[in-house]
Amino acid sequence: MIVYVNNTTVRIFTGATALDAVRRYCTDAGLPLCEGPFYDAWGNQIATDSPMCDGRHIFTTSSL
Amino acid sequence: MKKTCFISLLALLGTALAEQVTILGINDMHANIDSVPQLSTCVKQERMNDPGLLLLAAGDNRTGNPYVDNGNRPGVPMITLMNHLEFDLSTFGNHEFDSGPAALRDYINAADFEFVCANVFTTDTQGINVKPYKIFERNGVRIGVLGLVQVGESGIPDAHPDKCAGLQFASPFDTAACYKHLRAHCDVLILLTHLGFEDDIKLAQMFPEADAIVGGHSHTRVEKGHVENGVLITQAENKLKYVSKLTFDVQDGKVISKKSELLPLADLPADEAAADLVEKAKSLPFFKRQLTTVKRKITRRESLGCMMADALCMRAITDIAIVNIGGVRLDDFPAGPLTVADVYRMDPFGNAIIRNTMSGKELIAMLESLTGSDHHGAPCVSGMTYKAIKPAAELKPMRITEAKLADGSPIDPEARYTVAYNSYIASTTSAPPENPGVAIDSDGAECLIRFLEKQKEVDYEGVSRIEVQIQD
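In order, the protein sequences belong to chains A and B.
Counting from 1, position 20 in the first sequence corresponds to residue 19 in numbering that gives the first Met the number 0; the numbering is continuous, with no gaps.
Counting from 1, position 279 in the second sequence corresponds to residue 278 in numbering that gives the first Met the number 0; the numbering is continuous, with no gaps.
One or more of the hints may lead you astray.
[Unchecked claim] Per the computed footprint, the stretches of chain B lying under chain A, defined by three or more beta-carbons under 8 Å from a beta-carbon of chain A, are:
#, stretch
1, 191-198
2, 210-219
3, 345-357
4, 419-427
[As the list claims (entries may be wrong)] Facing chain A, according to a computed beta carbon distance under 8 Å, are these residues of chain B, among others:
#, residue
5, Asp157
6, Glu236
7, Pro435
8, Gly436
9, Ala438
10, Ser441
Just so you know, the hints here were simulated from the structure itself, not pulled from any lab data.
The beta-carbon is built from N, C-alpha and C at its ideal position, and this holds for glycine as well.
In isolation and in its complexed conformation, chain A is listed as follows:
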């Protein structure tokens, strides 16, 4: 499925969590692995095991 981490497209397996998606994003970008906190598009913090779905946006810094 396709999710968006920091507005960057990330292809990740179906059933992935926020942590899986962020790890994929960090690996693709050559960044150190980020373990949290993560936020949604409204600036709410989300748990690292938050289930991802197609098209979901998450951020590694608060969007507020």
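Add chain B to chain A, keeping to what the hints say.
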């Protein structure tokens, strides 16, 4: 004059007096029974302020703790604890379906409270009868609660299709639209949902008749509630870190003000009675169960990794499986009994297992990349063998010089193979395959438990499927 003043005073008093309604909302507890004693303390404190408060669960009460999930009545230990706390109502989360319809029926029947869910439909023979909503009355205030569960693109919640056999699900949005009439029958209308925060936003946009949404699924921490289209949306992250406290002032049958806050649970003292019940739940002999006997001491980590990879192959039904050597947390294992506890020592991570189809070329590239991210060494495999050359420096990809299937035939770069591996590999390999794959319904430890319990004896001593030459 006196009569006029008296009537005016009465009228003023009538409009000034509002009833306060308190709702505690919890979501995605995921069987974190260790935090239930703190929740019990919180609920008791809040009930002292408002004995009529409603305690609601927005689903995914279970799944996340073998003490709750893996006994002969899956999920019921959590229900026992929820009964002790006198929960008023719960909806379904996707994980309520994890053990299939018969277990779900047992789980529902064990509860002293009801489950509500408007968008699930069952046959008469399944004995799973849940109402779409329930109306409570507290201090003369009618509080309606409508339940809704998320439905994925497959037409079922995010659960294994086999576990939803015989159950039908409708779109939560289409379903919600059919219940707007509840507004006329309630002073406070709550949507108790397991949709995820983003879908709660969409729901609020199409259902402004609701006063609030007590939500779940996305494990979102909504600090002070989010108001969307006049609807107060709440969610308390997960695993009993918080509970949402919603407060409504109701006057003349209408909510005149509402607010929400998160109450943290971690630092509260444990309620002793609840703690005793938790200890009772953890006295199940689950972890002591012997799965198999190890015939000879397994002296190498790679051999244990091969056993774990074989387990993935079996469970995911794939040609090949890969286990990162860093994911094997024991260096050796003695001859004798191997228990469930030993499995969790070997693989404590709870990583999801992915089933994928990829070309031989992609498979080789992914294998080669893993020594670039795992300083423990080369990955273990099932269904194949390989030889490789690796630079002496740490964290450099290796170069595979030979790769064969278990039958000795070479791996064809253009052929397609089914491969199982864990979510850590999927997320961190620098050579991900084109197709990202799909997680199966077991984690690594569960795969290993299922594999080992089928065998009276295992002998993995000396099993080696890789030859890695270190090159200076």
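Evaluation of the provided hints:
| no. | hint | result |
| --- | --- | --- |
| 1 | 191-198 | holds (count 3) |
| 2 | 210-219 | holds (count 4) |
| 3 | 345-357 | holds (count 3) |
| 4 | 419-427 | holds (count 5) |
| 5 | Asp157 | 6 Å, holds |
| 6 | Glu236 | 5 Å, holds |
| 7 | Pro435 | 4 Å, holds |
| 8 | Gly436 | 4 Å, holds |
| 9 | Ala438 | 3 Å, holds |
| 10 | Ser441 | 11 Å, violated |
In the structure shown, a violation is registered for the earlier hint numbered 10 alone.
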